[in-house]
Amino acid sequence: MSEELIPIYVMGKQYMVPPSLTIQRAMEYAGYKLLRGCGCRAGFCGACATVYRIAGDYRLHIGLACATLVQPNMYLTQIPFFPAERKQYNLMELKPTPETLFSIYPEMLRCLQCGTCTKACPQDIDVRAYMAAAMRGDIAAVANKSFDCIMCGLCAARCPAEEVQYNIGILCRRLYGRYIAPTAQHLAQRVQEIEAGKYNQEIARLKAMPKEEIVKAYNSRDIEPD
Amino acid sequence: MIYTPEMYESLKRVEATRSARLSETFPRMSAGEKDEVLKQFHPDFISEAFATLQVGPNKGGRTPRELARVLQGRAVIGPDLDLSRTDIETDVLVIGGGGAGSAAALMAQENGAKVVLVTKLRHGDTNTMMAQGGIQGADQPHDSPPIHYLDVMGGGHYTNDPDLVEALVLDAPKVIKWLEGLGCIFDKKPDGTMITIHGGGTSRKRMHSARDYSGAEIMRTLRDEVRNRSDIFVLEFTAAVELILDDQGQCVGAVLLNMETDEYLVARARCTILATGGSGRLHYQGFATTNHYGATADGLVLAYRAGAHLLHIDTMQYHPTGAAFPEQVLGFLVTEKVRGLGAQVCNLDGVQFVNPRETRDVESAAIIRECQERAKGVQTPSGFQGVWLDSPMIDLIHGPGTVQKELPAMVRQFIRFGVDITKDPMLVYPTLHYQNGGIRIDVNGATDIPNLYAAGEVVGGIHGRNRLMGNSLLDITVFGRRAGSAAAIRAREVQQGQPTLQHLADWERQLKEAGLEPEMSAPILLPDYTGKQ
Chain W
0 MSEELIPIYV MGKQYMVPPS LTIQRAMEYA GYKLLRGCGC RAGFCGACAT VYRIAGDYRL
60 HIGLACATLV QPNMYLTQIP FFPAERKQYN LMELKPTPET LFSIYPEMLR CLQCGTCTKA
120 CPQDIDVRAY MAAAMRGDIA AVANKSFDCI MCGLCAARCP AEEVQYNIGI LCRRLYGRYI
180 APTAQHLAQR VQEIEAGKYN QEIARLKAMP KEEIVKAYNS RDIEPD
Chain V
0 MIYTPEMYES LKRVEATRSA RLSETFPRMS AGEKDEVLKQ FHPDFISEAF ATLQVGPNKG
60 GRTPRELARV LQGRAVIGPD LDLSRTDIET DVLVIGGGGA GSAAALMAQE NGAKVVLVTK
120 LRHGDTNTMM AQGGIQGADQ PHDSPPIHYL DVMGGGHYTN DPDLVEALVL DAPKVIKWLE
180 GLGCIFDKKP DGTMITIHGG GTSRKRMHSA RDYSGAEIMR TLRDEVRNRS DIFVLEFTAA
240 VELILDDQGQ CVGAVLLNME TDEYLVARAR CTILATGGSG RLHYQGFATT NHYGATADGL
300 VLAYRAGAHL LHIDTMQYHP TGAAFPEQVL GFLVTEKVRG LGAQVCNLDG VQFVNPRETR
360 DVESAAIIRE CQERAKGVQT PSGFQGVWLD SPMIDLIHGP GTVQKELPAM VRQFIRFGVD
420 ITKDPMLVYP TLHYQNGGIR IDVNGATDIP NLYAAGEVVG GIHGRNRLMG NSLLDITVFG
480 RRAGSAAAIR AREVQQGQPT LQHLADWERQ LKEAGLEPEM SAPILLPDYT GKQ
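Residue numbers (numbering that gives the first Met the number 0), protein chains in the order written: chain W, 0 to 225; chain V, 0 to 532.
What the hints contain is simulated information worked out from the structure, not anything from laboratory work. Quantities reported herein were computed from a predicted structural model and do not represent experimental measurements. Do not take every clue at face value.
Derived BS3-like pairs (lysine-lysine); straight-line CA-CA distance at most 27 Å [unchecked claim]:
| # | chain 1 | residue 1 | chain 2 | residue 2 |
| --- | --- | --- | --- | --- |
| 1 | V | K404 | V | K176 |
| 2 | V | K176 | W | K118 |
| 3 | V | K58 | V | K375 |
| 4 | V | K204 | W | K197 |
| 5 | W | K197 | V | K173 |
| 6 | V | K375 | V | K11 |
| 7 | V | K176 | W | K86 |
| 8 | W | K215 | V | K204 |
| 9 | V | K33 | W | K215 |
| 10 | V | K422 | W | K210 |
| 11 | V | K173 | V | K113 |
| 12 | W | K94 | V | K38 |
| 13 | V | K11 | W | K206 |
| 14 | V | K176 | V | K113 |
| 15 | V | K375 | V | K33 |
| 16 | V | K176 | W | K197 |
| 17 | V | K173 | W | K94 |
| 18 | V | K404 | V | K187 |
| 19 | V | K38 | V | K375 |
| 20 | V | K375 | V | K422 |
| 21 | V | K511 | V | K11 |
| 22 | V | K38 | W | K210 |
| 23 | W | K210 | W | K197 |
Given the sequences, and given the hints that come with them, work out the whole structure.
Below, the structure written as structure tokens:
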């Protein structure tokens, strides 16, 4: 099936590409062999953050190159890296409190709640809302709202208060996961049982089974119902 | 509407059969039926697609043509590269920045080693980041590691290394607890009990997940923790192109390539860990792949040239449900969790033809058979084909909003291109997903080559000839940790000889003696998609 090619502009330079391609594939079609700005190619890793405008329209758009179709007269550039300081911390010594957030990322309190970050997010995350939650010290809310974050950096690139929102997101998610989410007791118990050697004999028995026997054991497993 | 009229008609039939199918369970295949469908339709059995290796430790063995080309390729550098200067010196060199590499780096550091982790893209640009379903571990009361052991062995067709499987299932609860302690947010009930579901081939519900970002949650947590450790230095856009041995055959480091400046670096380490992942970007038999951009078998090439034996490299895992439509998502992973939540697989007529929970190889072969021999596949506008995965069933079974809550990443992926998977079934076809085999290791990740360890997808023997869902996120964590600890402990007593690239001269000689004219140099590092559509 042949398509009529459309013009796109990669860092200002025109290329004619098929309209059914994503930005990423269109750049490759045009001859770019990607190094920076290409990772999982499926929307999970945040490597391919892209900003673009459509000729004649002042509005600025964002997207992941792997997940955004090209449009006629799209003027684009990738932002494969944006400087963002990340503080080192020892999670094991932290307390899940607002004071922890304020002391590790004091610049967080510069947030204007302008919402530019939310507009910049390719994952439809309400970044402004989780920054508000962070300023209130509501770690659980930050963890929940920021969960889909792929740390692409577009929020940090656009923020007028020079925040690095995604650093606050991941700190809160880890604090939540370690300290606030209830611990899985059955998991802790199973680990103890294993360390006490409870299953060693049974596994040794399985390991020693001749093939016909283990095949039989496998084929007669009872399957837990849904 | 982006569907063709024929697709639309087929969709209507799927909708029409849906309520009846809610109470229908398609029977599982017998062992004999499984054997038959595999031999006739699974890509592993298409003999023309395979080549026999002419050189190296696996000489005489079968492997896909595309992998044989790189394994028997020329080295990128010459044997005369100057090794007298050392650009990087450390205790443990980790090659690869995915889950296994990161877990290895953390445990090596905790065992007192200075660590350098090199990765040819960014730390986290990996298959780990993309894994969607979950991580297996026998931590529920009605489950146990021996039951998990049996599932793994049967799924692998009993070709797995029993010692590795034992380590895998016994360490599983421990590593999940480790991840929980590092702050990973697993799906839990209000009292903290893990919410676990089935995967293909499991006899107990032991898949732990973090919504459908399970791999991403683990990857970004491990990556964040690596960044907290001053003794781990991460070097991005730096690929390993050759291992350096010494005059006693020990691995003493690697030659690295700065991908941005084309500069070679000599890295010396007391122990080296290969955690380079899989090879989906070699596109065996022209299949689309779920893998990330850099999955090009680099670690296999490096280890093979240095003399390491590889296991089960004549079998690759095709994930039965890769997206087949629209074209922009071709090959993308549609997680097995969708079937775990109750979605059924239907043909052109809206009829089930396979139990949705067969193991991946059997499920893939059945879908290929349905499209090829039975001609009951659905054609797409771009000339591909597939069968329907009836995702709207999930909300009917578990309540409205389940798909959005459990599979947010997938909803997002498809809606970007006009498909709402909460309302319409997805078109799927097998996609190249996982390298079942790889470098042979012992339970501590040690390879045939002294002071060279390996962990993660690059390794073989754990899953035998077919991996179960959820055991990859598990094996990278288990064996990444084991390799990291073992490498750090071993590093304390390592005595090294003179570094040499003699093995490259040996390699060139072997190629010549076998009459091989390599078509390419390897590792290829990145696939080339320029200029194609």
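Take the C-alpha atoms of K176/V and K113/V, compute the straight-line distance between them, and say whether it is at most 27 Å. Between K176/V and K113/V the Cα gap is close to 25 Å, so the pair holds against 27 Å.
Do the alpha carbons of K210/W and K197/W lie within 27 Å of each other, as the hint requires? holds (24 Å)
K33/V and K215/W: Cα distance at most 27 Å? holds (15 Å)
Hinted pair, alpha-carbon criterion (27 Å max): K176/V, K86/W. Please report holds or violated. With Cα atoms ~25 Å apart, K176/V and K86/W stay inside 27 Å; holds.
What's the verdict on K94/W and K38/V, does the C-alpha distance respect the 27 Å limit or exceed it? violated (57 Å)
Hint check: K375/V vs K11/V, CA-CA at most 27 Å. Holds or violated? Satisfied, since the Cα-Cα distance of roughly 15 Å is no more than 27 Å.
Pair hint outcome, K173/V versus K94/W [Cα-Cα no greater than 27 Å]: The given pair, whose Cα atoms are some 24 Å apart, holds under the 27 Å limit.
Restraint check for K204/V with K197/W, where alpha carbons must lie at most 27 Å apart: holds (21 Å)
Run the distance test for K511/V versus K11/V: straight-line Cα separation, threshold 27 Å. violated (60 Å)
Hint consistency between K173/V and K113/V [alpha-carbon to alpha-carbon, up to 27 Å]: Within the cut-off at roughly 25 Å; holds.
Are K422/V and K210/W close enough, with their CA atoms no more than 27 Å apart? Violated. K422/V to K210/W sits at ~46 Å, over the 27 Å cutoff.
Given the proposed pairing of K38/V with K210/W, does the C-alpha separation stay at or below 27 Å? holds (21 Å)
Violated hints, in rising order: 2, 3, 10, 12, 13 and 21; the structure is consistent with all others.
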